[in-house]
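There are 2 protein chains.
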Amino acid sequence: MTQKEAIEYTINLAKKANENEIRPNPFVGAVIVDHEDQLIGEGYHQKLGGPHAEVYAIEQALEKTTDLSRATLFVSLEPCSHFGKTPPCVDLIIQHKIKKVVIASLDPNPKVASVAKLMEHGIEVEVVNDLSATLLNARFFTNQIKNRPHYILKLASTIDGKIADYEKNSQWISNAASRQFVHDHLRANVDAIMTSYKTVIQDQASLTIRKTGGAIQETNVLVIDKNLDLLEKQYESLPIFYPRTNTKIIFITANPPSIQLPENIECINGTFNEQGLVFSSISAKLLELGFYKILTEAGSQLNSSMIQQNIADELYWFIAPSILNDVNAHSMLGLDEFRGLDKKVQLSLIETKLIDGDVLLHYRFD
Amino acid sequence: MTQKEAIEYTINLAKKANENEIRPNPFVGAVIVDHEDQLIGEGYHQKLGGPHAEVYAIEQALEKTTDLSRATLFVSLEPCSHFGKTPPCVDLIIQHKIKKVVIASLDPNPKVASVAKLMEHGIEVEVVNDLSATLLNARFFTNQIKNRPHYILKLASTIDGKIADYEKNSQWISNAASRQFVHDHLRANVDAIMTSYKTVIQDQASLTIRKTGGAIQETNVLVIDKNLDLLEKQYESLPIFYPRTNTKIIFITANPPSIQLPENIECINGTFNEQGLVFSSISAKLLELGFYKILTEAGSQLNSSMIQQNIADELYWFIAPSILNDVNAHSMLGLDEFRGLDKKVQLSLIETKLIDGDVLLHYRFD
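Residue numbers (this note's numbering), protein chains in the order written: chain A, 1 to 366; chain B, 1 to 366.
One chain only, chain A, in its complex shape:
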């Protein structure tokens, strides 16, 4: 097994985890090869609070040999060096006198300084900075580096970027398979869906998860609603207010109410300006509440504002094979800003997918 193969292997191992089971932890995979480059141990982080990838790999290797002093550990992310929910992996590596550690991506958490510690103990360390390993943990890196949730924008439009006609008719732009993809791969893999009170009213949205062949599942919803309009009596029968057993609706508002809120409804305080919510005002609170990864499904105003505030991390854009060809139709994006071409926001394409005639383009924001 070459170094390149070993790193790819750790990344593929890491991906075996269900992110919903590990968040806020990162995806991690590890393999151990002996002095003849034969794989003797492997593992991945499977569950929040459970063993780290390195633990599985080392345990498996020890079943084959008690001497790891000529072995190399490949790990997709820098091993931990601090006591979290489990003891530091660095100590385990040092304890077993592993010869060399190859790290595919560094942990941005300043509490993690494993490279130095390993080297102090005479262990050879090589850091590769592999792009796939970094992309794999995009959410984790956002959480760590930016101290805020990782935001994914979902847009579905015509070729000319329209999400509704001039009368706000929007059902349906994207096809059934694209809408199912949103349930299976986007809604099902985040801590909450974020939207605006306007979209909740306009779309009569329940924002549940309807997985292929499965029952309807609840999900947390974050509703940006400066004046808590949605709590007015006229809206109490909106689909979003279905009976919830294990999820919440959390309103992000300028003025939390003094009245008692219904069960499963909470409010958090955000700062608003003329453009709307200032996202940085809620970052810490959202992480504290366990919202590490958030999918935004909303209208032009919220989407554009997030991009403007440099808070959007990924974009899933479903393009239907149609053209409305009308300037009066509603666009998916656009502020009234008079921005020059030099101020355009840059993205990088991650992948493309054909979905029954629709095209899905998946980007990350640079």
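Simulated from the structure, these hints should not be mistaken for lab results. One or more of the hints may lead you astray.
One copy or any two copies: either way a pair holds, since identical chains are not told apart in the list.
When the alpha-carbon atoms are kept at most 25 Å apart in a straight line, the in silico BS3-like pairs for lysine-lysine are as follows [said to hold, decoys possible]:
id : residue 1 : residue 2
1  : Lys99     : Lys117
2  : Lys285    : Lys211
3  : Lys64     : Lys211
4  : Lys353    : Lys154
5  : Lys233    : Lys198
6  : Lys100    : Lys4
7  : Lys226    : Lys99
8  : Lys343    : Lys168
9  : Lys15     : Lys168
10 : Lys198    : Lys146
11 : Lys100    : Lys146
12 : Lys154    : Lys97
13 : Lys343    : Lys146
14 : Lys211    : Lys233
15 : Lys15     : Lys97
16 : Lys168    : Lys353
17 : Lys16     : Lys248
18 : Lys248    : Lys285
19 : Lys47     : Lys168
Given chain A, put chain B in place with the hints provided.
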């Protein structure tokens, strides 16, 4: 060789032609298999005025056997039955008593009625209506069925469908490789580029062909210019007026001038209404002048008008990985029409291509 394989083979043969060498003729490929399904002859239409695919295939088969009475001819397009630049292929098929003819797509020209004629002569005929065979000759079918040129729209925009910022800065939205693709695969394969006088001025466009590794080539340009503004003295040094040896600029205007036009400049008369040029008013004239396939590179107004008039046949859309996020920026499409969602224009995806981070989506209009 199965029937499916044989049809695929004829299509691949047909594609070997350079369309510039055969236009206005269609792409055609033909193979002959004997009674044991062994290929004994093949050919494709290579050059306008040259032999048809069937002629090559039959000649090659006759070198192997003089008896084709147990052979099957597969042809990607219905054989011709009229005297054009060459004698009818149907007569040749009848003359050689070929047992069976399998036709992958029918010729829409009513002068071609080969199926009936072949059957009258006791030849078995099977018509398959293969989608690939039909797509291959999209341009030919447009010319034949709609009696007008085949129009290809080229758009290059940001993700939010912008082609220039609020100050009309537009250089560059798409990347260098995408722009090169336009030269190599679009401009180089049409009879003319169509644009508006506004775009010629705004973009300072020369609209030449700069193929990879090649010299600059001239190309015919059709400029929609109702009042012949571009012929005013102030514009005479625009790049479009480079010295031409074998191409023309043809102005489409409401009022052809009485004055003598410079060499290589001509005018044709079109009907204009409030929305601009009425394309049906110039269809016959363009075909007469030999413009069978036209690439449009223009601004929102012309592009939108062509879609509105149901005159756009294909779309090549280059999407740059950027977002302008400004409603004041210039959009690639949009009329002031108040169209309902039920009036949206439908397209079908033909192919996608990644070009150095840009995405190219190629559609046909349904």
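For each hint, the structure was consulted:
no.	hint	result
1	Lys99 to Lys117	within (14 Å within a copy, 83 Å between copies)
2	Lys285 to Lys211	neither (29 Å within a copy, 56 Å between copies)
3	Lys64 to Lys211	neither (42 Å within a copy, 61 Å between copies)
4	Lys353 to Lys154	both (14 Å within a copy, 22 Å between copies)
5	Lys233 to Lys198	within (16 Å within a copy, 55 Å between copies)
6	Lys100 to Lys4	within (15 Å within a copy, 57 Å between copies)
7	Lys226 to Lys99	neither (57 Å within a copy, 79 Å between copies)
8	Lys343 to Lys168	between (30 Å within a copy, 14 Å between copies)
9	Lys15 to Lys168	neither (40 Å within a copy, 45 Å between copies)
10	Lys198 to Lys146	neither (28 Å within a copy, 46 Å between copies)
11	Lys100 to Lys146	neither (31 Å within a copy, 71 Å between copies)
12	Lys154 to Lys97	neither (47 Å within a copy, 62 Å between copies)
13	Lys343 to Lys146	within (22 Å within a copy, 44 Å between copies)
14	Lys211 to Lys233	neither (31 Å within a copy, 66 Å between copies)
15	Lys15 to Lys97	neither (28 Å within a copy, 63 Å between copies)
16	Lys168 to Lys353	neither (28 Å within a copy, 32 Å between copies)
17	Lys16 to Lys248	neither (29 Å within a copy, 62 Å between copies)
18	Lys248 to Lys285	within (15 Å within a copy, 66 Å between copies)
19	Lys47 to Lys168	neither (44 Å within a copy, 53 Å between copies)
Checked against the numbered hints listed earlier, the structure breaks hints 2, 3, 7, 9, 10, 11, 12, 14, 15, 16, 17 and 19; every other hint is satisfied.
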